[in-house]
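Asker: Which chain is which? The protein sequence lines are A and B, in order.
Anchor point for the first sequence: position 234 equals 329 in our numbering, and the numbering is continuous, going up by one each time.
Anchor point for the second sequence: position 146 equals 349 in our numbering, and the numbering is continuous, going up by one each time.
FYI, nobody ran anything at the bench for these hints, they're computed from the structure.
Keep in mind the model is a prediction, meaning the values are calculated, not measured.
Worth double-checking, as some hints may not be accurate.
Some chain A residues near chain B, calculated using beta-carbon distances under 7 angstroms [unchecked claim]:
{"#": "1", "residue": "L177"}
{"#": "2", "residue": "V187"}
{"#": "3", "residue": "I194"}
{"#": "4", "residue": "F202"}
{"#": "5", "residue": "D368"}
{"#": "6", "residue": "A378"}
FRET-style restraints, in silico, Cβ to Cβ [as the list claims (entries may be wrong)]:
{"#": "7", "chain 1": "B", "residue 1": "R390", "chain 2": "A", "residue 2": "A254", "range": "55 to 63 angstroms"}
{"#": "8", "chain 1": "A", "residue 1": "V100", "chain 2": "B", "residue 2": "S524", "range": "47 to 55 angstroms"}
{"#": "9", "chain 1": "B", "residue 1": "R221", "chain 2": "A", "residue 2": "N221", "range": "52 to 60 angstroms"}
Here a beta-carbon is modelled for each residue, glycine too, at the ideal position from N, C-alpha and C.
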Amino acid sequence: MNESVLVLSIASAVVASIPILYAALGEIITNRSGVMNLGVEGMMLVGAVVGFWAGNETGSLTAALIAGGLAGVGLALVHALLAVTLRVDQTVSGLSLVIVGGGFSSFVGTSGEPGLLSAPNEVEVNPLLPQFMQDLPAVGPILFGHDIVVYAGIIAVFAATWILNRTATGLSLRAVGEDPAAADAAGISVIRTRYAATAIGGFGAGIGGAYLTVAIVGTWQNGLTAGIGWIAVALVILAGWRPWLALVGALAFGGLNGLGFTLQLAQVDVPSDFLKMMPFIAAYLVVILVSANPGRARRLAAPAALAQPYAREAR
Amino acid sequence: MTSAIQVTPRGYAGPGVRFGVPFLALVFALVVGAVILRIAGNDPAEAYRTMFDSSLNGWTSITRTLALATPLILTGLAAAVAFQMRVYNIGGEGQLYIGAIAGSWVGLLLPESMSAVVMLSAMIAVGAVAGAAWALLAAIPKAFFNADEIITTLMLNFVALSLMNYLIFGSLSFWRDPKRTVPGGKRLPDSAIMPSLSGRLHIGIIIAVVAAMLLWWLLRRTSWGFQVRTIGDSPRAARYSGMSVRLKTLTVLGMSGALAAIAGVSEVSGVTKGLEPRALATDIGFTGIIIAVVARNNPLGVVPVSVFLAAIATSGSRLQSIGIEVEVVYLLQGLIFLTVTAGEFFVSNRVGLRAERRAEADGGIPPSAELARGVS
Numbered sequence: 096m097n098e099s100v101l102v103l104s105i106a107s108a109v110v111a112s113i114p115i116l117y118a119a120l121g122e123i124i125t126n127r128s129g130v131m132n133l134g135v136e137g138m139m140l141v142g143a144v145v146g147f148w149a150g151n152e153t154g155s156l157t158a159a160l161i162a163g164g165l166a167g168v169g170l171a172l173v174h175a176l177l178a179v180t181l182r183v184d185q186t187v188s189g190l191s192l193v194i195v196g197g198g199f200s201s202f203v204g205t206s207g208e209p210g211l212l213s214a215p216n217e218v219e220v221n222p223l224l225p226q227f228m229q230d231l232p233a234v235g236p237i238l239f240g241h242d243i244v245v246y247a248g249i250i251a252v253f254a255a256t257w258i259l260n261r262t263a264t265g266l267s268l269r270a271v272g273e274d275p276a277a278a279d280a281a282g283i284s285v286i287r288t289r290y291a292a293t294a295i296g297g298f299g300a301g302i303g304g305a306y307l308t309v310a311i312v313g314t315w316q317n318g319l320t321a322g323i324g325w326i327a328v329a330l331v332i333l334a335g336w337r338p339w340l341a342l343v344g345a346l347a348f349g350g351l352n353g354l355g356f357t358l359q360l361a362q363v364d365v366p367s368d369f370l371k372m373m374p375f376i377a378a379y380l381v382v383i384l385v386s387a388n389p390g391r392a393r394r395l396a397a398p399a400a401l402a403q404p405y406a407r408e409a410r
Numbered sequence: 204m205t206s207a208i209q210v211t212p213r214g215y216a217g218p219g220v221r222f223g224v225p226f227l228a229l230v231f232a233l234v235v236g237a238v239i240l241r242i243a244g245n246d247p248a249e250a251y252r253t254m255f256d257s258s259l260n261g262w263t264s265i266t267r268t269l270a271l272a273t274p275l276i277l278t279g280l281a282a283a284v285a286f287q288m289r290v291y292n293i294g295g296e297g298q299l300y301i302g303a304i305a306g307s308w309v310g311l312l313l314p315e316s317m318s319a320v321v322m323l324s325a326m327i328a329v330g331a332v333a334g335a336a337w338a339l340l341a342a343i344p345k346a347f348f349n350a351d352e353i354i355t356t357l358m359l360n361f362v363a364l365s366l367m368n369y370l371i372f373g374s375l376s377f378w379r380d381p382k383r384t385v386p387g388g389k390r391l392p393d394s395a396i397m398p399s400l401s402g403r404l405h406i407g408i409i410i411a412v413v414a415a416m417l418l419w420w421l422l423r424r425t426s427w428g429f430q431v432r433t434i435g436d437s438p439r440a441a442r443y444s445g446m447s448v449r450l451k452t453l454t455v456l457g458m459s460g461a462l463a464a465i466a467g468v469s470e471v472s473g474v475t476k477g478l479e480p481r482a483l484a485t486d487i488g489f490t491g492i493i494i495a496v497v498a499r500n501n502p503l504g505v506v507p508v509s510v511f512l513a514a515i516a517t518s519g520s521r522l523q524s525i526g527i528e529v530e531v532v533y534l535l536q537g538l539i540f541l542t543v544t545a546g547e548f549f550v551s552n553r554v555g556l557r558a559e560r561r562a563e564a565d566g567g568i569p570p571s572a573e574l575a576r577g578v579s
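One chain only, chain A, in its complex shape (with noise of 0.2 angstroms):
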């Protein structure tokens, strides 16, 4: 294989895994106070028919994330009316954004004249770091070639990995995910916490969604995430609630999201149907595999209190 061949597809992977990354990092604060919130592909889809108009309507990159990212803070905060206040069966909850956001998002992108299905992408997204640092061979496309997004991107990573780990706050949403009723003793609010910790996870899939649509796509297509919240669902648990894990997990689904474009420019010929079940077959074996093994299963567990509603009065 070519070696530019190879390094402009680890660039794109790079870039592919970016809507991923969000996306699992939101969640993975969503879950770690104990709210499971399965409408991430429901939250992206809004997030990138927002983030796209937005975008058409300034041509600013960072209207259209933080667009993208407040419309998904919307509908994650209806996820936690439903799941937190009225304590109903968060995983119906969670669908139901997906069908919500699925149905929302078609909707507002067909309406007006004349549409956004017909509209051009007037943001422009520019490499960060100077031209001579992208100029170097094999390192420049791939590390320094690339947009502020994917490099805020990493940040957030060792940002939420440190918030979650070594403050005050990520101690109470820990405290709050594992065990919220001695959180709530130790003076904690409960639903203070699950609400912002749940928006935080749709500000997350929003700017996901929003920066699939302006930077990667280009064009606004109903149901245009076509299955990214759910593998980012899926990281979450294969990552162990880790957000280095899921940045491990979001390059390695970029990868595979890519191959295709590879195995293209190397001559391979496998069928471009085959290509497209590939992340989703690693993530249903991943999932298994994970499940499978007891020991590793033990060590990334899961929050306990994850998906349980919390009432104060049943305590």
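Since chain A is already given, all that's left is putting chain B on it; use the hints.
Answerer: What follows is chain B alone, placed relative to chain A:
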């Protein structure tokens, strides 16, 4: 607590609450939908009138709605049986594709001259087995390693979709009609097509309704169904009383996959009449999840809820004539799902003003309700 609202868990929800709350939730969703339509600059009254006229007003409209309700009943049952045991089979979509692939394979393979009864029975049987086998790909890891079935069934959806696309768009497979320039499936012989009852409505609806009645009987009138519901309510209690949770996981998910696959057979045989991926991949499996939740996993409730959602879906295309995009259908379905889910809180809790508190404290759960809970 500073709020004036008092929430107390209900020991037992009577039928008025169990049916009334989801119904009010449906109405609430339609009201929210109207507000969104108004904001988007449309006339909600006109929209809803058009939807009603095109889906439920007149025999032709009704047959069209019922034709769409047919696969929805089956995928709704598929979700309901699994959800009843708190096993979340989100893979109805993929199991439907597998059923369509396997069913059309049998229809194309067997001699055309075969009697329709034998042919259709064989298609349904093979489709159901294939769907069950596909569901077992998630059920076996769930039963033996407790692998999260939500993730595995969902991932398998995407695999099944790509597989179906490959058979028609990606290769010259047994299913693909080589004579057509636009890739499409070979047409099934007449004996492999479900006979029409009236217009688009075919005998699949009878199969679906019978399946709903059978499933209701199985879940509510047999010891198997009692065990499934007990495991759903309290897995630990079920295990202590000697029920095999593992075996139930396998059978329930297998049955769920088979039901979704029969929906696929019904579509491929009664509607598309050949393996047509684009026409089959219309979220029928996902809509089944909404239906099961709205019907509160009651198989008999699945039938009217499916008809209602089918009515919303069929009317979508007609909305375009008054300048409203089809996508409003998805929005309404999502809103219904959301409000009914939220309504679950009002089924399991009594919500009132604080003044009621003393009465609650005196009486607690009425003895009659306690008794009823023990019996059900």
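Asker: Are the hints correct? Go through all of them and say.
Answerer: Okay, the hints, checked on the actual structure:
no.: 1; hint: L177; result: holds (6 angstroms)
no.: 2; hint: V187; result: holds (5 angstroms)
no.: 3; hint: I194; result: holds (4 angstroms)
no.: 4; hint: F202; result: holds (4 angstroms)
no.: 5; hint: D368; result: holds (4 angstroms)
no.: 6; hint: A378; result: holds (5 angstroms)
no.: 7; hint: R390/B / A254/A: 55 to 63 angstroms; result: holds (59 angstroms)
no.: 8; hint: V100/A / S524/B: 47 to 55 angstroms; result: holds (51 angstroms)
no.: 9; hint: R221/B / N221/A: 52 to 60 angstroms; result: holds (58 angstroms)
In the structure shown, no violation is registered for any of the earlier numbered hints.
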